[in-house]
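4 protein chains.
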Amino acid sequence: MPEEAWLAEKVGRLLARKGAVLVCGGMGGIMEAACRGAVGEGGLTIGILPGDDISAANPYVKLPIATGMGIGRNIIIVRTARAIIAINGKYGTLSEIAYALQLGKPVFALSPWVEVPGIRRVATPEEAVDAALKAIKLSG
Amino acid sequence: MPEEAWLAEKVGRLLARKGAVLVCGGMGGIMEAACRGAVGEGGLTIGILPGDDISAANPYVKLPIATGMGIGRNIIIVRTARAIIAINGKYGTLSEIAYALQLGKPVFALSPWVEVPGIRRVATPEEAVDAALKAIKLSG
Amino acid sequence: MPEEAWLAEKVGRLLARKGAVLVCGGMGGIMEAACRGAVGEGGLTIGILPGDDISAANPYVKLPIATGMGIGRNIIIVRTARAIIAINGKYGTLSEIAYALQLGKPVFALSPWVEVPGIRRVATPEEAVDAALKAIKLSG
Amino acid sequence: MPEEAWLAEKVGRLLARKGAVLVCGGMGGIMEAACRGAVGEGGLTIGILPGDDISAANPYVKLPIATGMGIGRNIIIVRTARAIIAINGKYGTLSEIAYALQLGKPVFALSPWVEVPGIRRVATPEEAVDAALKAIKLSG
Numbered sequence: 005m006p007e008e009a010w011l012a013e014k015v016g017r018l019l020a021r022k023g024a025v026l027v028c029g030g031m032g033g034i035m036e037a038a039c040r041g042a043v044g045e046g047g048l049t050i051g052i053l054p055g056d057d058i059s060a061a062n063p064y065v066k067l068p069i070a071t072g073m074g075i076g077r078n079i080i081i082v083r084t085a086r087a088i089i090a091i092n093g094k095y096g097t098l099s100e101i102a103y104a105l106q107l108g109k110p111v112f113a114l115s116p117w118v119e120v121p122g123i124r125r126v127a128t129p130e131e132a133v134d135a136a137l138k139a140i141k142l143s144g
Numbered sequence: 005m006p007e008e009a010w011l012a013e014k015v016g017r018l019l020a021r022k023g024a025v026l027v028c029g030g031m032g033g034i035m036e037a038a039c040r041g042a043v044g045e046g047g048l049t050i051g052i053l054p055g056d057d058i059s060a061a062n063p064y065v066k067l068p069i070a071t072g073m074g075i076g077r078n079i080i081i082v083r084t085a086r087a088i089i090a091i092n093g094k095y096g097t098l099s100e101i102a103y104a105l106q107l108g109k110p111v112f113a114l115s116p117w118v119e120v121p122g123i124r125r126v127a128t129p130e131e132a133v134d135a136a137l138k139a140i141k142l143s144g
Numbered sequence: 005m006p007e008e009a010w011l012a013e014k015v016g017r018l019l020a021r022k023g024a025v026l027v028c029g030g031m032g033g034i035m036e037a038a039c040r041g042a043v044g045e046g047g048l049t050i051g052i053l054p055g056d057d058i059s060a061a062n063p064y065v066k067l068p069i070a071t072g073m074g075i076g077r078n079i080i081i082v083r084t085a086r087a088i089i090a091i092n093g094k095y096g097t098l099s100e101i102a103y104a105l106q107l108g109k110p111v112f113a114l115s116p117w118v119e120v121p122g123i124r125r126v127a128t129p130e131e132a133v134d135a136a137l138k139a140i141k142l143s144g
Numbered sequence: 005m006p007e008e009a010w011l012a013e014k015v016g017r018l019l020a021r022k023g024a025v026l027v028c029g030g031m032g033g034i035m036e037a038a039c040r041g042a043v044g045e046g047g048l049t050i051g052i053l054p055g056d057d058i059s060a061a062n063p064y065v066k067l068p069i070a071t072g073m074g075i076g077r078n079i080i081i082v083r084t085a086r087a088i089i090a091i092n093g094k095y096g097t098l099s100e101i102a103y104a105l106q107l108g109k110p111v112f113a114l115s116p117w118v119e120v121p122g123i124r125r126v127a128t129p130e131e132a133v134d135a136a137l138k139a140i141k142l143s144g
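Residue numbers (the numbering used here), protein chains in the order written: chain A, 5 to 144; chain B, 5 to 144; chain C, 5 to 144; chain D, 5 to 144.
Chain A on its own, in the form it takes in the complex (with noise of 0.2 Å):
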């Protein structure tokens, strides 16, 4: 498992853990991996899908939302976070990350691809998670 799959199942079972609902675009990859990691916790995990099929989704995700939009369905997984954590990715989590800072929502990352004016930069999982869990409180 790359590196990166590791990073995303940690932060999913560490999510998990906490009582954390987990919310992604429901697909492989970084997000299978972070689904694989909370439903091993026990967690609940989201997937808002590009598709308009709900069986599409990877098979770790417990609800699927299909809303036959492509990749414009990034937006709808910003609005529905209340914090991101952004684990490498190329231009779809970029989209994602400049959606999240425009509205405002804070944006915590591991190992980012390009630098970003806003994100703030975490070092391990449990940093990532931490920090995630202590903004969601402060914004009630």
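These aren't lab readings, by the way, just hints derived from the structure by calculation.
One or more of the hints may lead you astray.
Copies of the same chain look alike in the list, so a pair counts if it works inside one copy or between any two.
Cross-link-like lysine-lysine pairs, in silico, BS3-like; alpha carbons within 25 Å at most [what the hints assert, rightly or not]:
#1 141 - 94
#2 94 - 22
#3 94 - 109
#4 66 - 22
#5 141 - 109
#6 14 - 94
#7 109 - 138
#8 14 - 138
#9 138 - 22
#10 14 - 109
Go by the hints and put chains B, C and D onto chain A.
The following block gives chains B, C and D in isolation, referenced to the frame of chain A:
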């Protein structure tokens, strides 16, 4: 409580007892009544919200999804649901019924407001929930 | 050419002669017939496409808009139009009619498929276009 | 007029002179400056609006499209455009750049705010328009 709210609450209660997840628009009125019923039985409720803020959901929505698309979010409700139970409702419900039938999803209606070919009429909340769950099972 | 395509082409032609811009879903069938009529009179046509590629528009769409939202793009057609002329049509058209009436936009129907309260029936393309343009003028 | 508005107006003017249609978000600031430039040269301008009302477009939008999706409409701008010219801009522009690069569309940037791999930097409005039109021709 008006007749239709009573029907919606009953539908929510019955769905939760059968272990089904309730997906709706997440706002007040009929949607809130259905969610209240489901939550009263320990069920899970998803609200696909028109606005961009999860705090606008009715208090019985366990998992709010913020689309920011206004009534354009109706297509996401329909794509996410495996069967539709329509309770009265006017134009908003009609757009969902139209989308559902266009996508080939089963639509069961309690006291429908307009006659649309393809809708299957049901007489009671019990019949609605039984028919919907049966339709889901048949579709895999 | 079936009756309804003939009606659509006539509506397109009349709208263009009056200087109105035709907005539609941009695909084949009724939509293509209406665009062909408008373009034949030198009119402007906008196609709000379901897909993510502007090249999928019918050849008479002058300005294709690629939404990538599938039939979820129907709400954008309705929000963009100032009056709606419905020609026959089945579930897709019905979702647009429902949205338009919910938003308080005037809907004129030539040979409607279902009876929906709020639709204003018209008998000919001439009557449809006259009524639609009059409604637009009144709304400012 | 600040530097970036001047750049945008110049880009709009040059695009219109070449017969290109300008697609943008339809609101104020940079978008309005670009539309003003295009319309001043008799060009066509499309505004893909965040709101649900076409009357919110800036006065130089010839054809307003009302999405009602808020900043979620950025994906539609990107899908509709054949090439993207980014002028300064902050998070909103960044989400469009990210989407465009994810979809493999050419992105030309005048004074970009963040460095994103895949953006092609240009020094003047003339260079931006020449490069964009050349990219469109090459892509068919």
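Evaluated hints:
Proximity of residue 141 to residue 94 under the C-alpha cut-off of 25 Å is found in neither arrangement, the shortest distances being 29 Å within a copy and 28 Å between copies. Taking CA atoms no more than 25 Å apart as the test, residue 94 paired with residue 22 passes in neither setting, with 28 Å inside one copy and 34 Å between copies. Proximity of residue 94 to residue 109 under the C-alpha cut-off of 25 Å is found in both arrangements, the shortest distances being 19 Å within a copy and 15 Å between copies. Taking CA atoms no more than 25 Å apart as the test, residue 66 paired with residue 22 passes in both settings, with 17 Å inside one copy and 17 Å between copies.
Taking the shortest alpha-carbon separations for residue 141 and residue 109, only the intra-copy value of 13 Å comes in at or below 25 Å, while the best inter-copy value is 40 Å. When the C-alpha separation of residue 14 and residue 94 is checked against a cutoff of 25 Å, the pair qualifies only within one copy, where the shortest distance is 20 Å, while the shortest distance between copies is 32 Å. In this assembly of identical chains, the alpha carbons of residue 109 and residue 138 lie at most 25 Å apart only when taken from the same copy (13 Å versus 38 Å across copies). Proximity of residue 14 to residue 138 under the C-alpha cut-off of 25 Å is restricted to the intra-copy arrangement: shortest distance 18 Å within a copy versus 39 Å between copies.
Within a single copy, residue 138 and residue 22 get their C-alpha atoms as close as 12 Å, which meets the 25 Å cut-off; across copies the closest is 37 Å, which misses it. Taking the shortest alpha-carbon separations for residue 14 and residue 109, only the intra-copy value of 22 Å comes in at or below 25 Å, while the best inter-copy value is 34 Å.
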